[in-house]
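Trainee: The task is simple: from the sequences and hints, build the whole structure.
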Amino acid sequence: MEIHVRLDDARALPHAMNIRIPVLLTISGTQYHAGVRATPNNLYVWIFPDIRTLLCERKKLGHALADAGFHKNDQVFLDVDGNSITLRASYQ
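Each residue of the sequence shown is one higher than the one before, starting from 63 at the first, in my numbering.
Treat the hints loosely; a few may be bogus.
For each label pair, taking beta carbons as the anchor points, the in silico distance ranges come out as [as the list claims (entries may be wrong)]:
id, residue 1, residue 2, range
1, Ala-130, Ala-74, 15 to 25 Å
2, His-66, Ala-130, 15 to 25 Å
3, His-95, Arg-73, 29 to 39 Å
4, Arg-73, Ser-152, 17 to 27 Å
5, Asn-80, Gly-131, 29 to 39 Å
6, Arg-68, His-133, 14 to 24 Å
7, Met-63, Ile-83, 26 to 36 Å
8, Arg-68, Leu-117, 13 to 23 Å
9, Asn-104, Gln-137, 14 to 24 Å
The calculated lysine to aspartate or glutamate pairs, modelled on EDC-like cross-linking and capped at a C-alpha distance of 20 Å, are [to be verified]:
id, residue 1, residue 2
10, Lys-134, Glu-119
11, Lys-122, Asp-136
12, Lys-134, Asp-112
13, Lys-122, Glu-64
14, Lys-121, Asp-70
15, Lys-134, Glu-64
Hints in this document: simulated from the structure, not taken from any laboratory. Remember, it's a predicted structure, so these values are computed and weren't measured experimentally. Even glycine gets a Cβ: it sits at the ideal position worked out from N, Cα and C.
Mentor: Below, the structure written as structure tokens:
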């Protein structure tokens with residue numbers, strides 16, 4: 063699973079072309095070190111699938127999302143505060 067945000071909708075997301083921007087990603091109360099990136103070849107910004115726990119243990123974004131009860135193609139909201147992103151279900 064991945065998280066993509068159309069460039070037109072990504073103004074609040076910290077991103078730059080061809081540079082991984084570090085962010086603190088919160089999913090169901092659990093925080094992770096993650097990265098956000100954009101490239102000229104894509105019309106979207108995405109959160110990298112490789113994340114780390116606060117103890118620097120490797121984890122896949124898809125596993126963290128599944129652990130939190132999310133499924134493929136679920137729509138989510140991203141609450142952005144600087145380089146801190148909180149992911150929540152669209153129905154909350």
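Trainee: Looking back at the hints listed earlier, which ones does the structure fail to meet?
Mentor: 3, 7, 8, 10, 14
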